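Chain residues, written in single-letter form:
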Amino acid sequence: MSPDRLTGAHGIGGAKDLPLSPELAIAGAVAALTVSFIVLAVAWRSPRYAGAAGGVVLPGTTRIVDSAAFRMLLRALGLAITAYAAVAALLGQDLLTNPFFGMFFVWWWVGLVPLSLLLGPVWKAISPVRTINLLFARLSGSDPDRGVFTYPERLGYWPAALGLFAFVWFELVFPYKTELDAVRLWCAVYLAVMLLGGALFGSRFYERGDPFEVYSSLVAKMSVWGRRDGMLVLRSPQANLDTVEVGPGLLAVVSVLFGSTAFDSFRDSNAWVRFLQNTPAFRDHGWLADVANNLALLVFCAGVGLVFALGSMLTGVDKATRRVDLPDLFAHSVVPIVVGYIFAHYLTYLFEVGQQTLIQASDPLGDGSNLLGTGDWSVNYWLSYHPTLLANFKVVAVVLGHVVGVVAAHERAIQLLPKRHQLTGQLSLLVAMIAFTVGGLYLLFAA
Amino acid sequence: MRRLLAAAAIIALPLILSTGCSESPGPSDSAPPERQTIEITFSDGSVTPNGERVQIEAGTPIELVVKSDTAGELHVHSSPEQQLEYGAGTTTLKLTIQTPGVVDIESHSPARTIVQLEVR
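Top to bottom, those sequences are chains Z and P.
Okay, so the first sequence: first residue is 4 according to the numbering used here, each after it adds one.
Okay, so the second sequence: first residue is 103 according to the numbering used here, each after it adds one.
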């Protein structure tokens, strides 16, 4: 199989969404701009969400959710799906009809976002690497939470940021991503690193180093599910978002997520495709085009991080706060922007390729079997047939994400910044966030 | 908070109004679309067109007239994907895309995006 340098949408092929109309993109940008300044002008002036105090306790739910039986059930479910995928990966055919591709690129990577948004930290509950680490600990009679060393907290979220970059690099620029060997190898390395990390540092490693757990748990902070003193509580997403644990590398995590999604829009744009094909050096040397794509992905991720770091640091601070800590202290406010943009960018892909994967999953070995009874279903393209509705949904998702993000940043500014810098100190950050949202809309328009 | 919500509602209003009435007429009330022809030429390892966007109405029969010095294959990245083979000389390939979206037509040797169909 030749390297699929040009395969379009996302990880695996298929049609892509139509670009947004200019009217809609501009309407969205104007809305984002206006909302930003209205939040700055009229929103509260003293912290509302400080501490993880808020939320309504649902009687009895904590006992069910934390019960050994419920935990085991979720672990078994995660392990079963993983085993099913592993069978397809190891014994299935090296064709794009192998459901393993869809499970990897669509169910796992994209599906995790809506699941975590609805149900909370899903990956933590079903993660097969956590389960295997747990089983090892049981067998050896050790504590799964403790490793040989304590996790060095100064590493923070950096291992997860690296892992996330490894995924988006594989999905978006690696030329052989549609070959079974390559995806298998990626998964094997992931499994090995996770098990080693768990053995060395205990399960704290997964909270900071498993790219999928960090991603899922961050998105879960926009769900209504929270914890207070160990009790399960129902909480407004806005208040929940304020409880994101700050640590080194948090900005790197959100920058990789946002930058890579923006890059995905960009690399499919007609301008970039034609630029690579019209420039003789790139046209005649495939590897040079690969280098250009690698660089562009890096530039997008680093660019997001730099713009946000600059935006959050251009403020007056008091003596108790170090300026260099500000980017990570504010980074949680990019999470809603990421989630809104991910929905805008991936909804059709998730809906359509997700269904196709379910159909293919019925025949994991490609021998014509119909194990799940879904093999004779056909994909519903309803969303693609309603392009206007889809375009409206995209803009609303992006603008809504922006609003939640701006409010989160405002709340944090009021908690952190000295009184006289609380409003002016937010301005540069606001500019950075508007740049992300308007840039995202522009890419959806120019796609 | 209430003031914030009210402000958000005021802002959302033009967004809804500006997009609500831009619904394009469905395929049912338009005349049957005409055929659209796209010429593709392969020679000495290069292809024309070179990644151009072509606007097309959903359901329009498309004829790809491929002129080539060698046989090969076109990859149509529609959902589901399609592969069309052509021989040396001139081959006319028929294609209809029903689902709106952007569909890339590519060749793998040389690795090029030939056209991006913007199906509306």
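Simulated from the structure, these hints should not be mistaken for laboratory data.
Remember, predicted model here, so these are calculated numbers, not experimental data.
Mixed in with the good hints there might be a few duds.
To be verified - Here are some of the chain Z residues that sit facing chain P, going by a computed Cβ distance under 8 Å:
no.: 1; residue: Gly17
no.: 2; residue: Asp20
no.: 3; residue: Arg270
no.: 4; residue: Arg277
no.: 5; residue: Gln280
no.: 6; residue: Ala284
no.: 7; residue: Phe285
no.: 8; residue: Glu355
no.: 9; residue: Gln358
no.: 10; residue: Leu361
no.: 11; residue: Tyr388
no.: 12; residue: Pro390
To be verified - Calculated from the model, a selection of chain Z residues having no Cβ within reach of chain P, i.e. all distances over 10 Å:
no.: 13; residue: Lys19
no.: 14; residue: Leu21
no.: 15; residue: Ala72
no.: 16; residue: Leu99
no.: 17; residue: Pro117
no.: 18; residue: Leu118
no.: 19; residue: Ala128
no.: 20; residue: Glu156
no.: 21; residue: Trp189
no.: 22; residue: Arg207
no.: 23; residue: Asp271
no.: 24; residue: Asn281
no.: 25; residue: Gly289
no.: 26; residue: Asp370
no.: 27; residue: Ser387
no.: 28; residue: Leu430
Stated by the list, open to error - Chain P side only, calculated, beta carbon under 10 Å to chain Z, not exhaustive:
no.: 29; residue: Glu154
no.: 30; residue: Ser181
no.: 31; residue: Thr193
no.: 32; residue: Gly203
For every residue, glycine included, the Cβ atom is placed at its ideal position computed from N, Cα and C.
Interface hint status, P:Thr193 versus chain Z (Cβ within 10 Å): This hint is violated: P:Thr193 lies away from chain Z, its Cβ roughly 21 Å from the closest one there, beyond 10 Å.
Interface restraint verdict for Z:Phe285 against chain P (beta-carbon cut-off 8 Å): 11 Å, violated
Reported absence of Z:Leu118 from the contact zone with chain P (all CB gaps over 10 Å): 23 Å, holds
Minimum Cβ-Cβ distance from Z:Trp189 to chain P exceeds 10 Å: Non-interface label on Z:Trp189 holds, nearest chain P Cβ at 22 Å vs cutoff 10 Å.
Least C-beta distance from Z:Asn281 to chain P larger than 10 Å: 6 Å, violated
Supplied contact hint for Z:Glu355, tested at 8 Å Cβ to chain P: 6 Å, holds
Z:Tyr388 as an interface hint toward chain P, with CB separation required under 8 Å: Holds, about 7 Å.
Hint check: 8 Å Cβ-Cβ cutoff, Z:Arg270 to chain P: 11 Å, violated
Z:Arg277 as chain P interface residue, shortest Cβ-Cβ below 8 Å: 4 Å, holds
Minimum Cβ-Cβ distance from Z:Gly289 to chain P exceeds 10 Å: Non-interface label on Z:Gly289 violated, nearest chain P Cβ at 6 Å vs cutoff 10 Å.
Interface hint for P:Gly203, Cβ within 10 Å of any Cβ on chain Z: 4 Å, holds
Chain P contact restraint for Z:Leu361 - C-beta distance below 8 Å: Violated, because the Cβ-Cβ distance from Z:Leu361 to chain P comes to roughly 14 Å (cut-off 8 Å).
Violated hints for the displayed structure, listed by number in ascending order: 3, 6, 7, 9, 10, 13, 14, 16, 23, 24, 25, 27, 31.
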